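> Now for the letters of each chain:
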Amino acid sequence: MVKVKLFANLREAANGQRVVECVVDSPVSTTELLGKLVDAYGEKARQSLFDKEGGVWQSIVIMRNGEMVRDRDAQVIGPGDEIAILLPVAGG
Amino acid sequence: MVELTEWEREKFKRQIQLPGFGEETQRKLKGASALVTRVGGLGGPTAFWLAAAGVGKLVIAHGGTLTPSNLNRQIIMRGDGVGKPRAPQAEETLRRFNPDMELVAYGEDAKPHNVAELVEQVDLVCDCSPDFNERLLLNAECWRQGKPMVEAGMNGMEAHLTTILPPDTPCLQCTVPEAPKWWDPLGFGVLGAVPGTLGAMTALEAVKVLTGFGETLAGTLLVFDGEDMSLSKFALTRRPDCPICS
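Taken in sequence, the protein lines are chains A and B.
For the first sequence, numbering that gives the first Met the number 0 gives the first residue as 0, with consecutive numbering after it.
For the second sequence, numbering that gives the first Met the number 0 gives the first residue as 0, with consecutive numbering after it.
To be clear, the hints were calculated from the coordinates, so they are not data collected in a lab.
Just so we're clear, the structure is a prediction, and the values are computed from it rather than from any experiment.
Any given hint could turn out to be false.
Claimed, not checked - Derived lysine-lysine pairs resembling BS3-like cross-links, with alpha carbons at most 27 angstroms apart: (1) B/K146 / B/K29; (2) B/K29 / A/K2; (3) A/K4 / B/K83; (4) A/K51 / B/K180; (5) B/K146 / B/K110; (6) B/K56 / B/K83; (7) B/K232 / A/K35.
Work out the full structure: start from the sequences and follow the hints.
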């Protein structure tokens with residue numbers, strides 16, 4: 000199991016939940032983890048995470064145990080990890 | 000280093016008495032300058048707290064006119080100022096509060112034609128714009144001139160704060176490679192106390208960077224979640240192919 004902290008639009012897509020749990024039995028990449036969130040929370044989550052070509056938006060920041068994960072395809076997320084998914088903000 | 004007057008010693012005595020602050024830090028602040036781009040819900044409180052802290056010179060930049068929907072958060076504007084330009088209202092509030100401070104007000108936002116001039120005349124930039132393109136422009140210019148930038152932004156109940164210190168930390172473009180297509184500069188929900196809280200933290204961070212007092216958020220992203228009042232910190236890393244800082 001992986002704990003995922005959600006912010007901004009993604010939290011809204013997940014019906015206001017701040018933290019959700021994803022079943023992860025073996026290491027997955029960030030792209031794969033985000034795919035699980037889309038499976039769970041649908042179109043609104045997909046629009047927040049993936050562009051029209053199916054790639055993860057470049058400006059989404061993924062944190063694993065407080066450290067930034069840059070490689071979207073490296074299978075570095077495993078059971079027990081705490082993930083935070085941050086969308087950039089610019090409001091003032 | 001500049002000296003304090005007796006009036007300034009009296010005015011700032013409550014912060015001079017802070018452990019580790021002292022008169023030397025206050026003198027550093029008096030000799031320092033900062034730019035705040037946009038002085039709305041976030042930049043307004045930032046500018047106000049910098050004026051209160053005793054920064055020697057403040058430059059503000061904000062175009063456009065005040066609208067009714069600005070008044071839930073833009074607290075250095077005037078309630079009777081709707082329909083009038085924002086910059087002169089902010090200038091008046093700040094000048095009345097701290098007439099000792101040098102204040103320069105620009106009635107337009109940071110843009111390609113003025114960004115070099117805005118950044119050149121200060122020691123530090125507080126980026127408080129609602130527009131990613133303006134933020135990325137300031138980031139590139141601060142990096143070019145080697146000036147620190149306190150980067151603050153919010154959306155809804157969430158606020159982000161970090162400090163960019165060229166050439167030591169990742170820059171803004173490392174985390175935001177391009178302006179996100181989904182972002183609408185006028186479309187985010189906002190309860191005034193959220194940018195107000197962030198504005199106070201932005202000013203505090205700027206004081207630290209300008210004076211060396213305390214620890215800064217250089218290379219660290221602070222996230223304030225107003226829904227549950229939590230604070231989280233995350234380590235930022237440089238993007239190997241960043242065109243600005245790598």
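> Does each hint fit the structure? Answer for all of them.
Tested hints:
{"no.": "1", "hint": "B/K146 / B/K29", "verdict": "holds, 18 angstroms"}
{"no.": "2", "hint": "B/K29 / A/K2", "verdict": "violated, 47 angstroms"}
{"no.": "3", "hint": "A/K4 / B/K83", "verdict": "violated, 42 angstroms"}
{"no.": "4", "hint": "A/K51 / B/K180", "verdict": "holds, 11 angstroms"}
{"no.": "5", "hint": "B/K146 / B/K110", "verdict": "holds, 17 angstroms"}
{"no.": "6", "hint": "B/K56 / B/K83", "verdict": "holds, 25 angstroms"}
{"no.": "7", "hint": "B/K232 / A/K35", "verdict": "holds, 25 angstroms"}
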